[in-house]
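Enquirer: Residues per chain, in single letters:
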Amino acid sequence: MGKARPAAARRKGPGAPAGAQGGRARPSPNPFEVKVNRQKFPVLGRKARHAVGQPGVSRARAVQKRTQTLLKEYKERDKSNVFTDKRFGEYSSNMSSEEKMMKRFALEQQRQHEKKSIYNLNEDEELTHYGQSLADVEKHNDIVDSDSDTEERGTLSAELTAAHFGGGGGLLRKTPLQQGGEEEKPRSRKELIEELIAKSKQEKRARQAQREGALELTEKLDQDWKEIQTLLTHRTPQSENRDKKEHPKPDVYDMMVRELGLERKAQPSNRMKTEEELAKEEQDRLQKLEAARLRRMRGEDEAGDARKPKHLSADDLNDGFVLDKDNRHLLSYTDGKMSIKEEQSREASDGESKEEQGEDPSEEDPEDSSDPEGHLDLESDAESEEDCGWPDREPRQAPGKRMTSNGHKAREPARTELPYTFAAPESYEELKSLLSGKTMEEQLVVVERIQTCNHPSLAVGNKAKLEKLFGFLLEYIGDLATDDPPDLRVIDKLVVQLYNLCQMFPESASNSITSVLRDAMHEMEGAVEARGRAAFPGLDVLVYLKITGTLFPASDFRHPVVTPALVCMSQLLTKCPVLSLQDVVKGLFVCCVFLDYVSLSRRFIPELINFLLGILYVATPNKHGHGYTLVHPFRTSGKNSELLVVSDQEDTATWQRRGLSLAWASGLKGQTKTEANHTSDHLCSGTQGICPTRCHAGRGLQPLLGFSELWVGDFSFCQEDGHWQ
Amino acid sequence: MERDPGPEGARRALGRLLEAVLASRGQANAVFDILAVLQSEDHEETQEAVRACSRLFGALLERGELFVGRLPSEGSVMAGSQGATRKYKVWMRHRYHSCCNRLQELLAHPSFGVKELALSTLMKFVQLEGAHPLEKPKWDGYYLFPRQLFKAVVEGLLSPEDDCSLLLSRFQEYLEHDDIRYHTMQAATAVVGRVADGYPEVPLTFWNNAFTLLSAVSLPRQECSSSSFYVKHVELSRTWKVVHLKEHRKAFQLMWLGFLRHKLPLSLYKKVLVVMHDSILPHLAQPSLMIDFLTRAYDVGGAISLLALNGLFVLIHQHNLEYPDFYRKLYGLLDPSVFHVKYRARFFHLADLFLSSSHLPAYLVAAFAKRLSRLALTAPPEALLMVLPFICNLLRRHPACRVLVHRPLGPELDADPYDPEEEDPAKSRALESSLWELQALQRHYHPEVSQAASVINQALSMPEVSIAPLLDLTAFEVFERDLKKKGQESVPLEFIPTQGLLGRQDDLCAQHFTLS
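Protein chains in written order, with the numbering used here: chain A, 1370 to 2094; chain B, 224 to 739.
Here chain A stands alone, though its shape is the one from the complex (with noise of 0.2 Å):
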């Protein structure tokens, strides 16, 4: 038995130290480590429960409890400090964090408060001083108590000092005196005093009681002087006089004079403006705008950085008041006509121009103020100088009205053929039923009248219309461009009309020319995915971007519509392969849209360059030797790498000179070989007229570093002469 215990106590070990031994499952296996106590007697019912002992754990734990409580408690042994964590609710689990952030936020919003506001004059806390209130005590009116007399305040009565002040002496100096009147018995000091109160008391009343009769008598007085005073009016006229002068009788000619004096006069209005005035302000208003193009193309909007004032005044508040500039318009008559134009263009341009509206252009940057002085000049020349250069530009009239003076003419038969009102149209059908079949003036008569019909002041939903009819022109143009052969003229007309439209409805046509453009990038984009490159867009897509470009800002730094129209383009360029001239024709359009893109804010545009040098090598007859690596959309070697090489040098000497035309993008068909290689050639010119100035024959292919270096220095374009062999 007394074998068998130790090994069941054992063999129980590891179960029974759960609760002891904290749940440790291993056992101890090492017997050394066990301290068996033995029973002498085992005793039937009685559970041995402190058979086995570890000693070695239990010390461990007895020395750990130690380090825990004992130690702690030596090394506190004669520190008094204490460190208390007062944080709110920092050990109440009850409280969720964010409650407890809530409240110490809270507790100490209170505390501040609580601090600040002692020196707050302004807050509604009464100040006191003495109890009395300092704004009382201010105001310098003090209140005069009826009970405190008038003429004395501030004397004491020589009975009441002496009484106080005098010590015995005046006192004493007055009982002799009184002890000569009466024989009384010497009374005590109290007793004096009670007489002084009371006497004082009824010096009070009397004077009160003399004060009030007096009162009595000025009033008695004033009613006995009334009763007077009507007797005395029969008698003195010339106080009825003066009397009446206060109210004058109405006379008809004053009455005239006033009402002549008080009446509004008329408002001086604007004189009529001659023609150079009109002409100046319109340089004016140009110059602005293009002084807002420039910032916005400098992207300072971006850059968000609060515009300094020029000057801050030492009494300036900084409260950031400043009195508005008067922007309410007069009205005003041009030519019979009410010039509505100048409020729409101003709301335009409103939310641009907002900012610098009556500031001085030249003012605006402080970091280059140099800079837009000159530049500014040079802006303003180059624009009168176009004004000379298109003597035909006509004035800007009310939109609706609007023409261009070419086509004019013949444009008075179909005016006069067509129906005068228009619908808008609800639909793209409607708008192309309207317009199929139509000669070209007919069409712009239409879309004119159509306009003119439905302006936005002349009926409440008109402008949702017009909106409309911006998207469904948009798609009317993306039709012609796709037609075979493209209807360009037409397009070049109504471009004018959408530019119109976009003025009046900017949000709108932004949003049109967006879903155009982002469903042209999604087709390009599912192309990329499936086969990593795409073919060139029809002549739609080109012209639309061509559209953007003129409708909006190409310049601005960063622009909602310009902006996705560069990356779409960038694409363009880098994505769809050379298969063919008419790619070659695509590209080479959009080489140039992109330039006119950036030709005022004279951008680097990497894409282009690649482009234009892959052109090249695709028309240089021998590859060799030029140790320049092509870059994407075109490769080194594969049917399409000798596009443009001209094969018969007969045909080069046959070619002429001319403009590229735009439908060859959409199409070039049955060709002999010498017209191929005449469109060769123009291809190759145009690549090199786009060019810039020094990528000439010698260094074309290969210095990419020239180009950059032109890129961001000086930046010209120039038309080279030489053809390219």
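One should not assume that every hint holds.
What the hints assert, rightly or not - Not everything, but these chain B residues come out facing chain A in the computed CB check (under 10 Å):
1. ASN252
2. ARG417
3. PRO488
4. ALA602
5. PRO603
6. ALA663
Derived from the structure by calculation, the hints contain no laboratory data.
Using N, Cα and C, we set each Cβ at its ideal position, and we do this for glycine too.
Starting from the structure of chain A, add chain B where the hints point.
Expert: Frame of chain A; chain B shown alone:
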């Protein structure tokens, strides 16, 4: 055999024959009729015949009515004087054999339905034959698998003529089973070796089929206790090779090495390299055996080098591969096309890893930064948005390279000391140059690129910009982002009225294009 015309009639006739054969051994000759239908021109009828064969031989296998052991030739048995049962069994086994041969031929059938059915029937036979083996075990607990039959199946799958990718994708579901996977690897090794040696010019379809099959084999990462076997065994023995993952790995390695030993077409190279780091290297018993293959691929140049980089990285990182001139080659990989290839994200992810070491010499980092910025002059905006932060990160990691962006008395642009043609980064003199390209890109037409390039104008902020989200940026995403960015409430408009489609006369479009 008289029967109604059409597949329906064939089905009924076959059903009758089947029952007859299964019912009595006397009717056994009807098997020939069934096998004859297998040769039918009509797809439907063939399918019916395949189904009938499947039922017939399935039942016979289960009943054990096929001869077990080494099969004697038909003539000798028939002539001999053994018992009728034995004769019957040997004869039936021969029929089974010819049926399997025919089914293997049907794997190349033009109709996919027939192919699929033949495959599933063959796999059913494999399963049944595994359960009721037709060989005698050499000793007790000997592992038996119908290797011959299975090899025939794999051979049918790896056809040199037809593209079997559909069938292989069907076969893929069998590969989930451990034993099938193991034997597929063995069979594929043998078949690839035989075909590659047999043909003077191995057709591309074979390589494609082989690659499809090989890449479909995926080993489990760890030895899992519950192995799934296609052929049901009563008890798995630890002595069997097929049970151990180690053996699987060996077979896997043999298979891939055997495959890659041959001269592969270029497109296949790319495919192998794409999956190399992810699904091949981790499962090899000795990944270092791939060193030769990868280094040779890395030397090829172009996209293949880009792809080999990933596998090499795994070897360098995890298997202590010492690669001389690694950075020089990496430098050589940077050419203008790197921004346009499909694997751009992958390449730059790795390049970022390789250049993240702070122990690289400054000249090397400078050469990389300079090369990248030079290439950036040809890159589209979506790539620029990634590569500009990349360059800035390099400058952040290596303050010694910051001279590149601060060189007040530097040489003129014409005299850039950097030599772009030099292949050795040490001799490219990049550290004497400057990153004028970044300044050029500050005039880039895209606002975000311009901003990204302008980062160098200020002191570089210390924390690096993570380029991970920029790696996969596509032009379409950039486009969408630009569209969504609504800065102002109103859209600025052009104030110069338009003249027409081509614009004013001094515009380039009007200069070079006409409407007619």
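Enquirer: Once the shortest beta carbon distance from ARG417/B to chain A is found, is it less than 10 Å?
Expert: violated (36 Å)
Enquirer: Taking 10 Å as the limit, does the beta-carbon of PRO603/B come near enough to a beta-carbon in chain A?
Expert: Since chain A brings a Cβ to about 5 Å from PRO603/B, closer than 10 Å, the hint holds.
Enquirer: ASN252/B was flagged as interface toward chain A. Is the shortest Cβ-Cβ separation under 10 Å?
Expert: violated (57 Å)
Enquirer: Holds or violated: is there a CB of chain A closer than 10 Å to the CB of ALA663/B?
Expert: Check passed: Cβ of ALA663/B comes within 5 Å of chain A, closer than 10 Å.
Enquirer: Against chain A, is ALA602/B within 10 Å by beta-carbon distance?
Expert: This interface hint holds because 6 Å falls under the 10 Å limit.
Enquirer: Do the numbers back the hint for PRO488/B, that is, is its least Cβ distance to chain A under 10 Å?
Expert: violated (19 Å)
Comparing the model with each numbered hint stated earlier shows that hints 1, 2 and 3 do not hold.
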